[in-house]
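4 protein chains.
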Amino acid sequence: MIKVAIIGASGYAGAELIRILRRHPGVQLVGLASRTHAGQPLSAAWPHLPDPTPFTSPDAALAEADTVFLATPNGYAMQIVPTLLERGQRVIDLSADYRLPPPVFEAWYGLPHTSPEHYPNATYGLVELHRHELPEARLVANPGCYVTAATLALAPLAAEGLAHHLIVNAASGVSGAGRDAAGTSFAEINEDYKPYKPAGTHRHTPEIELNLARVQAQGRHVRTHGERRDLTLTFVPHLVPMTRGILVTAYATPPTPPTEAELYELYRAFYAHEPFVRVTEALPRTKGTWGANTVWIALRLDARTGRIVVFAALDNLVKGAAGQAVQNFNRMHGFDETTALDTAGVWP
Amino acid sequence: MIKVAIIGASGYAGAELIRILRRHPGVQLVGLASRTHAGQPLSAAWPHLPDPTPFTSPDAALAEADTVFLATPNGYAMQIVPTLLERGQRVIDLSADYRLPPPVFEAWYGLPHTSPEHYPNATYGLVELHRHELPEARLVANPGCYVTAATLALAPLAAEGLAHHLIVNAASGVSGAGRDAAGTSFAEINEDYKPYKPAGTHRHTPEIELNLARVQAQGRHVRTHGERRDLTLTFVPHLVPMTRGILVTAYATPPTPPTEAELYELYRAFYAHEPFVRVTEALPRTKGTWGANTVWIALRLDARTGRIVVFAALDNLVKGAAGQAVQNFNRMHGFDETTALDTAGVWP
Amino acid sequence: MIKVAIIGASGYAGAELIRILRRHPGVQLVGLASRTHAGQPLSAAWPHLPDPTPFTSPDAALAEADTVFLATPNGYAMQIVPTLLERGQRVIDLSADYRLPPPVFEAWYGLPHTSPEHYPNATYGLVELHRHELPEARLVANPGCYVTAATLALAPLAAEGLAHHLIVNAASGVSGAGRDAAGTSFAEINEDYKPYKPAGTHRHTPEIELNLARVQAQGRHVRTHGERRDLTLTFVPHLVPMTRGILVTAYATPPTPPTEAELYELYRAFYAHEPFVRVTEALPRTKGTWGANTVWIALRLDARTGRIVVFAALDNLVKGAAGQAVQNFNRMHGFDETTALDTAGVWP
Amino acid sequence: MIKVAIIGASGYAGAELIRILRRHPGVQLVGLASRTHAGQPLSAAWPHLPDPTPFTSPDAALAEADTVFLATPNGYAMQIVPTLLERGQRVIDLSADYRLPPPVFEAWYGLPHTSPEHYPNATYGLVELHRHELPEARLVANPGCYVTAATLALAPLAAEGLAHHLIVNAASGVSGAGRDAAGTSFAEINEDYKPYKPAGTHRHTPEIELNLARVQAQGRHVRTHGERRDLTLTFVPHLVPMTRGILVTAYATPPTPPTEAELYELYRAFYAHEPFVRVTEALPRTKGTWGANTVWIALRLDARTGRIVVFAALDNLVKGAAGQAVQNFNRMHGFDETTALDTAGVWP
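Protein chains in written order, with the numbering used here: chain U, 1 to 348; chain P, 1 to 348; chain A, 1 to 348; chain B, 1 to 348.
I should point out that these hints are in silico values taken from the structure, not numbers from a laboratory. The model shown is predicted, which means the values in this text are computed figures rather than measured ones. Fair warning: there could be bad hints in the mix.
Not the full set, but computed from the structure, chain U residues with beta-carbon under 10 Å of chain A [unchecked claim]:
| # | residue |
| --- | --- |
| 1 | 185 |
| 2 | 188 |
| 3 | 241 |
Glycine is no exception: its CB is placed at the ideal position from the N, C-alpha and C atoms.
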């Protein structure tokens, strides 16, 4: 049994980690830490969890853990990761701290990076592309929701040299903003649909570009710190009046597009052995991934304009956060990759 | 391994049965029948289920099964149950066909009952009250969503002789009406809240009364065909703009009410060993039961009027349908009652 | 033209007052005050209002006004009303400050009342019952949303001596909690239905009782400070995942109930000349009152229990707040009561 | 007073026409026709409309009318328009029948056109571009929701020669599919976001292209049957879990883009005198147009890619259907263009 601690257990990603890991046969949860709820029972934060276990402080939670999930705000992981690694604990960080080269992080997040020396030790935790690096990983940078959807939508095109004139138009449910987000009151969100941080101003932009640049340079199985070939795109996210779900609608306009059938062949081959990637003719819907670790992908060739349109849907709290983190955990510890992870969602 | 068939697998309760039973370690799904989707893959009806298994006809599904779940419209079970029982198959019927004495069924459902002789063989499948009858049951009448919530909310009062002047004010999400319900279009449901079939006109009224009349006569553990002491109540359901969830707000006005503390003691004792009943000071919310087999109960004594108010929340497709059916299945076949059933929901 | 100021113009009731009054042919809006948005354009608070008019401070807004709408938190009106009345300005107060006798207010709201001497000068602004007092009113206490719905649902029964064993089970959309309410984030409200402040703990309880006690004593047209005959009831509110709307489901159990037809006759006569009260056989739905000043009422006699069930729906921001305030304004200033007020809502 | 008939008064666009026209001081509603509800009161179809007026048959409704609004399914108008024009009645057709050259209509709608000889008599009713043609119009083809939003979002770019590599990514509320649409049940729409008819398969594609081709050729004020310069684009619509609202996110990649400030100058000049077009720095939200005839436009230049992103929001049932039809009516009959039309929506 691996002893696991979750730091940030009173946030949405934390709640999903608890939900998934309490069913994991190889895990013993030894600490659920929350700064805001330490000492209170789980049900104080989570109406769905009857467990009487109390939240603890981070220090108490970390004491016994073999592996630590950090579901904390950006800027927290970089402070404690050096100590955790030194003590021999393995870390899966759901925040952005180790996803980007520190200068890029600092430029886009407006925060100084306090442990840049550990960036070279971080493995980028997008399992579908970095599978082979994970068994040895001590520190995993778990990618976020938009980035996972956009990268998996476009990686086969990038690998094939078809990633021209990329536009990523994306839409997200409200939980992506976290539990304490301002401006997410029901009365102002319901019956509303709106763009936000569009056109090169959202922090996920450089991470999508970095991921695709790696695939463009290295192909199917990439290494976090390997070669990359530059690639720039337009990213425009929108907010949808729903709780969960991300759908990316991505556009590529290569000089000579393949046929739609060839494109499906490319995608099916690329993801042939991936348990969580579902490539179908049917167009994806976010609700079809609700509660599951699935990424659902379809594509169309617009015959009139020669443009490729790729759709990818996922649950932002599962494949976009906690589920992906457990998928990384399974790879790190030699469990079957699907352990404790659903490949089917909940409907309706 | 018990070989299981689901008839009505393209309805909502059917989908939930598939979702739950595919994780059940003692079950082999040998047939998923749908009149409307026979021959098509599961994903044709269910975007969340990637399985390539096709739906079959009912006959094909029934051929090999040891136990059959009927998630079919009212009036169907009564036609095939005689044959199934004769062949030695055990049946869990999620429809209303065997829940009520046939004359009461006929009066409230406006359908002639074609196999009334099997009603005495039916066990009423509300596990919390009928636990001891289930191991021998060949035919289980699985209660519906409103009835489960209302009965469990009021059973302790009925057992204690406190069920005076009962009013059951209830609210349900839209999925309770099933997949093909008219008048459930998003544009006419969202931003709406409304009563329907109020004040003695909803079919669930006599079933709630029958259940409580049994408890009033027999106490904690009742028998389906045992004594009952009459009891009449007012039932008013409402439709809420949400997909899942039932909340019952029940009012009782006994001549001499106990204190709130005494009432909590009564409820805690009554449900002390029930894995799926959660009695708390905190008021229940339907979302806290989302996807789980939980019934969440709280109560208040209105000190100014001496009236008892009891709240009970559940997920109408789980504890109010498929989850309860699997709970019955577990009792019938000697599995632990919680096998394959979550005691925690999904949040947010 | 009446010069009108709105204090609290950046709250939801304020927004509705602006929306309604900008179409009022007898009104000149001379000041829109907001503590939080003073100096900013309307569109900074209200995406739906293109007007470039800026919000001002309360003092600036009050300078020129003949009539002042106070859409402010409880406890604010009691501080400035003495000055406003002294300067000869008329006031319509949407808060609770002058709705209840000051000792009752203090007991239920936990606030000391700083101008109790003005309570005898306040007219209770439920037009359907207090129509004849309004033309002379200098200070109107505009009732809230639950109270308006519950009072109009039950007033005919109270007038007829049928208001026995009253229970008011109510449900509200989220905007009733105001713009800054904690705990109203979309992710925690959508797909949830829950009770709150039940069974004699919600502040609106004594106000409903007071209103019905007056009608019970005085009949059809009551006076704010006239006789009243005591009456106690159980009030249980719930939160619905929708933005607007209140539906009250009220239960009365008189010793000898009339027939349903007699009850309809009673209600139709009682509200015969009311432009905003709609009594129908069809059951009300909150969406049918969306954006309108309508109260939609229906009733049923539960023949099996002899219990009367009355339903009343309204838009909590219109008839439950701003629309009712303008209705009061129209009565005070001799305008037709429906001026600027819709009698039809928006659908879907 | 203009005598007006509405054919299709029991559909959503019909309901909005009634809501708007009942406040129009120059209109007398002489007939509200519905095939499905003829003889029933308005409230049978519309819970929000208390009016006792009954629906009639189309023939009865047409008898007295000066001007006829056709809010009918595609294929109906083409059958009765010849007769109506012959009788001297003026027609505003909300369906697609006269929006496109008949051969284009037939190719995209799969219906034979039975009165193609009247297409040259039709005026395209997008007031912002066709203002000068409308006073003489006898037959107006009222554009639909996606087309209105996309055309107004991109017309200034087309006029300026900047409409290169166009992509129109759009999202719509559910009411756009009409009242009887299959697959719009609440349980399958709530918590879902999905694309449909993407990439050159949606019928609105050629209409957007035609509109922009005219502006590209003719500039600011175009003529329905004037010159046009070809233009092809990719159109991908999505369904949002909300009732009303359209948001278009349009992408253009001209060889040499202007600055963002120059683009705002272009848009502000283009729409300087339009009462219903609102150009702001603030990003549009559909909810900000709820119930109003507004089109809300903003734009961004993605400095990293040189791509222009334009956003346009509107209420699909108002500016996207009934409101635009009344705007056309006002132009045809010499009323002020804003008569009976709100320039502010409802919030929250």
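Do the hints match the structure? See the list:
1. The restraint placing residue 185(U) at the interface with chain A holds, with a minimum CB-CB distance near 5 Å, inside the 10 Å limit.
2. Annotation: interface hint on residue 188(U) holds; nearest CB of chain A at approximately 8 Å, less than 10 Å.
3. The closest approach between the C-beta of residue 241(U) and any C-beta of chain A is roughly 7 Å, which is under the 10 Å cut-off, so the hint is satisfied.
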